[in-house]
Every structure is written in structure tokens, then in C-alpha cells.
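Undergrad: Going line by line, the protein sequences match chains S and R.
Per numbering that gives the first Met the number 0, the first sequence starts with residue 0, numbered consecutively.
Per numbering that gives the first Met the number 0, the second sequence starts with residue 0, numbered consecutively.
Some hints could be false.
Identical copies look the same in the list; a pair holds intra-copy or inter-copy alike.
Dumping the calculated DSS-like pairs for lysine-lysine here, alpha-carbon to alpha-carbon at most 25 Å [said to hold, decoys possible]: (1) K243 <-> K77; (2) K12 <-> K109; (3) K275 <-> K140; (4) K206 <-> K36; (5) K94 <-> K109; (6) K111 <-> K94; (7) K164 <-> K178; (8) K206 <-> K241; (9) K84 <-> K105; (10) K77 <-> K267; (11) K131 <-> K267.
No wet-lab data here; the hints were simulated from the structure.
Owing to the predicted nature of the structure, the values given are computational and were not obtained by experimental measurement.
Here's the letter readout for the chains.
Number of protein chains: 2
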Amino acid sequence: MVLDKIREKMEEKGIDLLIIYDREGCTPSLFYVTGFKGEDGVSLISRDKAYLIVDSRYYAQARKELFPSITMVELGKKKTWEMIKKILDDVKPEKVSFEGSRLSYKNYEKLKEIADGAELLPGDELITDLRKIKTQEEVSKIEVAIKVAQDAFNEMLNYVKVGIKERELAAILEFEMKKRGAERPAFDTIIASGWRSALPHGKASEKNIEEGDLIVVDFGAKVDGYNSDLTRTIGVGKVSDKAKEVYEIVRTAQQTACEAARAGMLAKELDTIARKIIDEAGYGENFGHSLGHSIGLEVHEGPIVSASNEDILPSGSVVTIEPGIYIEGEFGIRIEDDVLLTEKGSKCLSSLPRDLMIF
Amino acid sequence: MVLDKIREKMEEKGIDLLIIYDREGCTPSLFYVTGFKGEDGVSLISRDKAYLIVDSRYYAQARKELFPSITMVELGKKKTWEMIKKILDDVKPEKVSFEGSRLSYKNYEKLKEIADGAELLPGDELITDLRKIKTQEEVSKIEVAIKVAQDAFNEMLNYVKVGIKERELAAILEFEMKKRGAERPAFDTIIASGWRSALPHGKASEKNIEEGDLIVVDFGAKVDGYNSDLTRTIGVGKVSDKAKEVYEIVRTAQQTACEAARAGMLAKELDTIARKIIDEAGYGENFGHSLGHSIGLEVHEGPIVSASNEDILPSGSVVTIEPGIYIEGEFGIRIEDDVLLTEKGSKCLSSLPRDLMIF
């Protein structure tokens, strides 16, 4: 299916061969196109053939995982680029495409060397255009990743108390996700309490939870290749009136954007809906990041939901909506849900309560 | 210190400016050079100045983490490439270097566009040559990462029994590492039991541990930026005589290589020591991967210890020694330690027993 759609696009653009080169799992498109979940591999897609080159660590795994339309090529004692050249010599492409934002300069130079005069064209969009629009099966997988994360979060709440370390809470949350089927956390869990909550990316540290702290918990699970990404801000003990007031601003901005979201909007229009509410409350300077981003095989994928992105949000995209207000030295607050956009409007795929929970 | 050494190399090669571009934490050299632990940032090192460009998510964090010699540049509402251009216009370099194996084709093209005719030269080795040789401080950090992983492994052994899932064991192991200070697992934990142990990269799955299984446990912790990487193969219940015999071959190959390792050897010489023992025992075809690789800020870094690598292993390098024998459909065995190489010989930094443990 995916392969058919990629070949349609290749034909439109006159591309004879597409190369997807993954190293250490940095290029999830390899899984998207071939079904292979290993970390290292190279796929070559021509108009009528499709290969995955893997080394001996992955022969048995690839045999189990590969989509039927993909032929496994065992690297044996050959070098990867020798094997790529062998396939190039067979296909004799005139135009070769590759992921321009993934392929390293060094590998691009190697490709040029062996391409025998073929034209080389960056073509990320051959794959990313497809990945933006989630199939029903992909949405279901994201929903599973959300459920695993939410259930683990609810379990972790039982351990929130003064004196426990941020890192201990993160360990519990990640353990509960893994127990429920997560391959791994979608990213290093952010648990940022007290003054650290004002760090938008405050990974869990040795800091103890203290009386009166707000705690930003930003977490997600990766299950069967797909990611969730959620944030809740919770309080411990006596939370200040200022913090409660700012919480309400973030909550309103977040909920309003979630409800207003729909396919067909420009990304920046959605960002503006939340940003305007925070601006008008006087905290515009304290919301420095974008409203959100798409999720799927990667935690951060396009389109991003930023003030400057003029792309249309397509039907079938799944985006995070995560406004925040950060007051350095005092506290920070962020609330984040994962939302499916359709022609009709939005469907919030996540379901944790948005009210401030105090422990 | 690091900066001085990089500048020495820049001077040797006539490089006026070095750019390190990180996205999503894929380029740990950014941390090595600047001290910044965030995921996104760009560092520019000239002969007399050093900058780190970060966006608003990271201002407070960068202020705390940056080495004193690095100046933080706040991105504000500017685009990253605008800011890079501003610094280039100021430095007016004639030769600009970058990480050729990290910078994407797309970013290379952007750099070329704004470089105003400066010569662009890939220069990974400006940093990787330094990273190969660990300082005493770096070795200590790797030792901490090893201790965290070993203690967690020993705790996990209490849970090994028929009926528990591979994934549950991985969850326990990763939880115990995190509790002891790991930022995260160094990589997705491999727990491969029974027939799955013959997959050299068999990430923990839903499979239950069964009577008679061998279990390959390949795991590591990342602590304060540095990684450990260890493997032990354990048995459950009645392990076959063939498995025990093959275990002894792997153990001998691994121990012999650990003891023979020393700085000044060619990487391939070290690989050969273990490979010869496995070859002569008749299992050469079942040891498809390299003997090992260096570890440090990355789990896999150079030099790798492979049959074809003719590089000299320098004093101060820390390498894994991890031979394995894999018999598809039956079982696999791997044993791995982390070894510091010095002029005098080797020091095994890890200390789990090598004898087959049966539960």
C-alpha cells in the first residue's frame, strides 16, 4: 500500500530509485516503508523492485518483519556501499532520490561517487507527505500508545509526595509504561518541579519534590513503532494563588485550541488561537515555544503547529496541543493532549482530566 | 581544555570555524564541546570565540550547563540559519568545517548558501580523534555507568523464572537502572530467550521465559552523558549439553580477548584473537558480527573492533569485547565486557561473573 503510493509519487516526479539509509534507528521511514524494526539498514525502491540491505545481526529479524513486497538482501562480508552500487548497476536509474534532511553529507558524497552520473534529488516529501496523513490503523496504534502512557501516569500519581525525587517518579512512570507494553519511553521523561518547572525541557533530576511545588510531567510511550506525547502539571500541598491563576489561563488556551482545531486550518492559525489567549492575559513573553507538532513514528514530525508555519493541517494528521507559561525562578505550567484532525473538526485522542490535581 | 585541543587541530588544518549542528540529541559532540545537555542546538567555534545557539526552551538550562568559555546566543524569534549567518558574517572564515557524517545534505546545502564562498570541509576527526581517548574523568563516568547497570542486573536476577515475559524482565532492569541514577537505558534492552537468543539484536518481546531457555541480556545505562554496554547469557532450568559446550567456547574467546587487549594493537588483531578460537571450534559461521566497538558519549563509537579495521587502538580507548555464537532456531550466546586499553595492557572495567548462571 505505502509502496504503491510512493511509486505513484516517484512516477509523477520521474524518480527511478529512492534510497532510505538508516543508521542507529534515526530514520523511522525505513520501518514505515519496509516493516523492518532494526536499527541499521538501507532500502532501495525502484519502480518495480524493493530491497532492504541488512547485516547478519538482522537476517532472522528482517525475515520475520519485512513486508512481503520487500526483498531482503544479506550484506554478508560486503560493504554497504558496494551492495548499493550492485543494485544501482542493475536498476540503472537516471534520477535517484533520497531523504535530504536525513542522509549525511558523507553518505551523499558516497552516493554521488557511485551513482554513475545519475541525477540526485532530495525527496523527503515522497515519504513525509504520506506520513503526515495517518491511516485508521496508524491512529489506532497512536491510541494504544496514549492508553499505555495514561494508565502508567495514573499509577504514578499514587507515588507523588513531598520528599520523593523527580528521577524516582520518572523511573516509576517509565516502568509502568514498559510493563503495559511500551517498547520504550517516547522520549526522556520530563518531570520538572518547583523552580525547575519553568524549564520547558526539564528532564527528571535529583531534585526532591517539595511542599507547594508545581510539577510538569511530560511523557509518552512508544508502542509498536508509534508514539504518544502528553503533559499534565500537578501540584503538591499549598499551591500559590498566582500559580492557580496562571494554570487557568493555560487550561483555557489549551482547551480552546483543542476544540477549535480542524483539518484545513493553517498551522499558524491554530497556534494563534492559544497564543492570543495567553497574550491577552499578559503572559505572551512567557510562552516561548510553538503550540505543538505532529506525532506518529517520530515524537516530533511535520507539520509543526507554530506561529510561522503556513502549511495546511491535513485531515488525518495527529498533532499535540501544548501551550505553556514559564516564569523563570518561580514556576512553569504546560498542558498537552494529542488530537486527531478531520474535516469535521478535532477528536482529542487523550483523556486525562485537565483540572489542576493537587496531592 | 577540549576547546584548546580542538583549536590546535583547527590551526593545523587552517580551519577558521567549526560548526556542530545538533537536532534531537543525535550529535553528542555538542555536549562534549559545550557542556550543553539539551537536544537542539548549534555550536560555532572560531579561533578565539565559541558560541552555542539555543531556542527559548533551553535558555535557563544552557545558562546552567555551558562551559564558561562558551557564549550562549538566544535564538529569540530568529531562524537558526539567520543566526548562523550573522556569526559567519562576523567571523568571516575562509575555511569552515563541519561533521560530515552528521550534518544532513539539506543543512550542508544551507551552509553552502550562506557561507559566502568560504571553503567547506568535512572535519569529523577534529572532535572524534579527541573523543577516542578518554580522560580519567571520562573513564570514571563510564565506570559509574557500568556500576549502575551491573547493580540493576543483579537485582533483576531475583525475578528470573519460568513464565515471566522478556519485556517484564527488561522493565525491571531498566527501572532499577533509572532508580540508581541512569538518565535512561543506553539502548533498548535486549532480552532474548530460547530461539530468540539466536537473534543478535533481539529486543525484549512478549515471549515468556521457558524451561531450558538460554537468555541473552544485553543492557547498559547512560549516566551523566556516558554509556555502559554489557551482556550476559544466563540459563533457566535444564540447559542442554550442546548449549553448555558452546557457552564455554564463547567464554574462552571473550576472556582471552579481554586479557590480550592492549593499546597499540590494530583493531583487527584484537578481533582475530577471539574469532580464531570460535573458528577453530567450528562455529566461525555463527559469529557474524564484529568483536566490539568503542563506547563513551555514544554506545557505538569509533574505533570499532572488527576483522577489517586496521586502525590502531589508542591508549585511553574503552571498547566492548563481545563475541557471540548464534545457531538459528536453537539458541545464541554472547558475553560482553567493557575494557579500558592502556600501554600496559587492558583493564576490565566491568566485573559480572563470566560463569554460566542457571536459575
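Undergrad: For every hint, state whether the structure bears it out.
TA: Verification of the supplied hints:
1. Neither within a single protomer nor between protomers do K243 and K77 lie at most 25 Å apart by alpha-carbon distance, with minima of 63 Å and 32 Å respectively.
2. In this assembly of identical chains, the alpha carbons of K12 and K109 lie at most 25 Å apart whether taken from the same copy (23 Å) or from different copies (23 Å).
3. For the identical chains of this complex, K275 and K140 are neighbours neither inside a copy (33 Å) nor across copies (46 Å), given an alpha-carbon limit of 25 Å.
4. Taking the shortest alpha-carbon separations for K206 and K36, only the inter-copy value of 17 Å comes in at or below 25 Å, while the best intra-copy value is 36 Å.
5. For the identical chains of this complex, K94 and K109 are neighbours both inside a copy (16 Å) and across copies (22 Å), given an alpha-carbon limit of 25 Å.
6. Taking the shortest alpha-carbon separations for K111 and K94, both the intra-copy value of 12 Å and the inter-copy value of 23 Å come in at or below 25 Å.
7. When the C-alpha separation of K164 and K178 is checked against a cutoff of 25 Å, the pair qualifies both within a copy, at 21 Å, and between copies, at 10 Å.
8. Taking the closest pair of Cα atoms, K206 and K241 come within 25 Å of each other only inside a single copy of the chain (23 Å); across copies the shortest separation is 51 Å, beyond that limit.
9. Taking identical chains as interchangeable, the C-alpha atoms of K84 and K105 lie at most 25 Å apart whether they share a chain (16 Å) or sit on different chains (23 Å).
10. Taking identical chains as interchangeable, the C-alpha atoms of K77 and K267 lie at most 25 Å apart only when they sit on different chains, with a minimum of 16 Å there against 48 Å within one chain.
11. Taking the closest pair of Cα atoms, K131 and K267 come within 25 Å of each other only inside a single copy of the chain (17 Å); across copies the shortest separation is 45 Å, beyond that limit.
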